[in-house]
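From these two lone chains plus the hints, build me the complex, please.
Residue numbers (the numbering used here), protein chains in the order written: chain A, 10 to 107; chain B, 662 to 834.
Here are the simulated distance ranges between beta carbons:
hint, chain 1, residue 1, chain 2, residue 2, range
1, A, N102, B, L809, 40 to 48 Å
2, A, A88, B, L782, 46 to 54 Å
3, B, G762, A, L98, 21 to 29 Å
4, A, A88, B, G778, 50 to 58 Å
Since the hints were made in silico from the structure, they are not lab data.
Beta carbons are placed, not taken as given, at the ideal position from N, Cα and C, and that holds for glycine.
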Amino acid sequence: MLNSALAISAILFTIGVAGVLFRRNAIVIFMCVELMLNAVNLTFVALAQVLGIGGQVFVLFVMAVAAAEAAVGLSIILAVYRHKQSVSLQNMNLLKDG
Amino acid sequence: MFSLHNFFVFFGGIAIVSALLCITRRSPIASALWLVVTLFAIAALFVLLDAQFIAVLQVLVYAGAIMVLFLFVIMLLNLGRPGPSDIKGPLALGVAVLLGGAMLFLLNPLSRTTLPGSIQLPAGSVAALQQQRGIIGAVANPLFDAYLIPFEIASVLLLAAIVGAVVLAKRKL
Numbered sequence: 010m011l012n013s014a015l016a017i018s019a020i021l022f023t024i025g026v027a028g029v030l031f032r033r034n035a036i037v038i039f040m041c042v043e044l045m046l047n048a049v050n051l052t053f054v055a056l057a058q059v060l061g062i063g064g065q066v067f068v069l070f071v072m073a074v075a076a077a078e079a080a081v082g083l084s085i086i087l088a089v090y091r092h093k094q095s096v097s098l099q100n101m102n103l104l105k106d107g
Numbered sequence: 662m663f664s665l666h667n668f669f670v671f672f673g674g675i676a677i678v679s680a681l682l683c684i685t686r687r688s689p690i691a692s693a694l695w696l697v698v699t700l701f702a703i704a705a706l707f708v709l710l711d712a713q714f715i716a717v718l719q720v721l722v723y724a725g726a727i728m729v730l731f732l733f734v735i736m737l738l739n740l741g742r743p744g745p746s747d748i749k750g751p752l753a754l755g756v757a758v759l760l761g762g763a764m765l766f767l768l769n770p771l772s773r774t775t776l777p778g779s780i781q782l783p784a785g786s787v788a789a790l791q792q793q794r795g796i797i798g799a800v801a802n803p804l805f806d807a808y809l810i811p812f813e814i815a816s817v818l819l820l821a822a823i824v825g826a827v828v829l830a831k832r833k834l
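Okay, chain B solo, but in the shape it has when bound (with noise of 0.2 Å):
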């Protein structure tokens, strides 16, 4: 009954359902609201993929830092209020529909797809590493080892961000 499948299913149908919320309100507030909704939801499913520091920086990062970020720029932009809506005419809806359609035929195989023995690890490796180096060990280690340079990379990429960012919303350059 309560099977880890079964809460899978669960949350993964949380964070669908959510989603079509958040594409289909016209308040960008509630859009907003149902995408916090969904990250929560895809963080419960990374705690259940074995990914647990992950599901915390999902948390305090997405649905933390970046979407209240969203927050206060519609806020500051004051478009909380009812106005004409933004979705587009029913043209560009059925043209949504169809080519989302599309797409979900061409990806749906992954939902059959079996990997080759010979590339997978055994089973439970990766609950394994983290036993022996910790939970969040094992994801820093290969950081400051085989992945050095692109973490490099992300901090000098952070710092242009927040450059740029001052930059742009300077009232005068």
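Isolated chain A, as found in the complex (with noise of 0.2 Å):
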């Protein structure tokens, strides 16, 4: 079961990493990235089984700063669409070169 645990965990970390790469809305790509978070999670919670209660332990903190994360994100992305009527990132070049 652990093996299995770590190879769904990689699957759904890849999944995530290809939806940051190819979409342009910032809210999916933030959704994928908690994706990300979550197939981490996966990881600690399967290597506890074997090594000790810390895995455990250690998601709680994943989860604290994953909420954090997605509170002030979030309110980024809302004071970005108050300026730009938009949030592709097509329309976030503000630090691109011409």
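The following block contains the structure:
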């Protein structure tokens, strides 16, 4: 079960990376980041079964960081939307040369 | 037939299929709802891995609070209506599939890995700890013991996130 858990979490992480690479909507990209965090949580819990309960404790911290990140990130997206009337990353090119 | 491992593969399959649907749906609302399905399937995997308390937290915090926040922002920005697709062109799609395949190839040895016996706990020792201290106590005791400082730092981080979200969401600073 450990190996299938690690395989599933690797696949989920890869799906998250692919989603970040080929979407333009900032909110969907954000959801893909959450998916990657969840894949890592699955690895932590799977390894906690053989290496001790510390892995499960660490998942709590990952969840706290993810919640903080979601709150701040979504308010940044809201602020950008108020500025540009769009959440597409195509329009966020203020730092791009030319 | 109904072995634990079969259940594990079943819920893992649900998680993977709904994650794929999540990244390929055009509407952000559909993406968010498929992500909720993925999170529930991962919670089921947590239960099968002897982490019942983490599974409850997963449903409450992720599938509950965080995804409601996402849906709230999507509806606030009125993105639910059908518009032009935000999925990049075939070139970017090809690059994403290529990089994803390469990454999966690199992560593939994980599924065949075996941990050295010297660092492994004896089988069932986490379950024994949960029997002894209770399912929540097994996670909570280290939180106030070995992980006390990270715990306090997490509380400061959450406070900073609250203040930051309020400041960023204000119309005028």
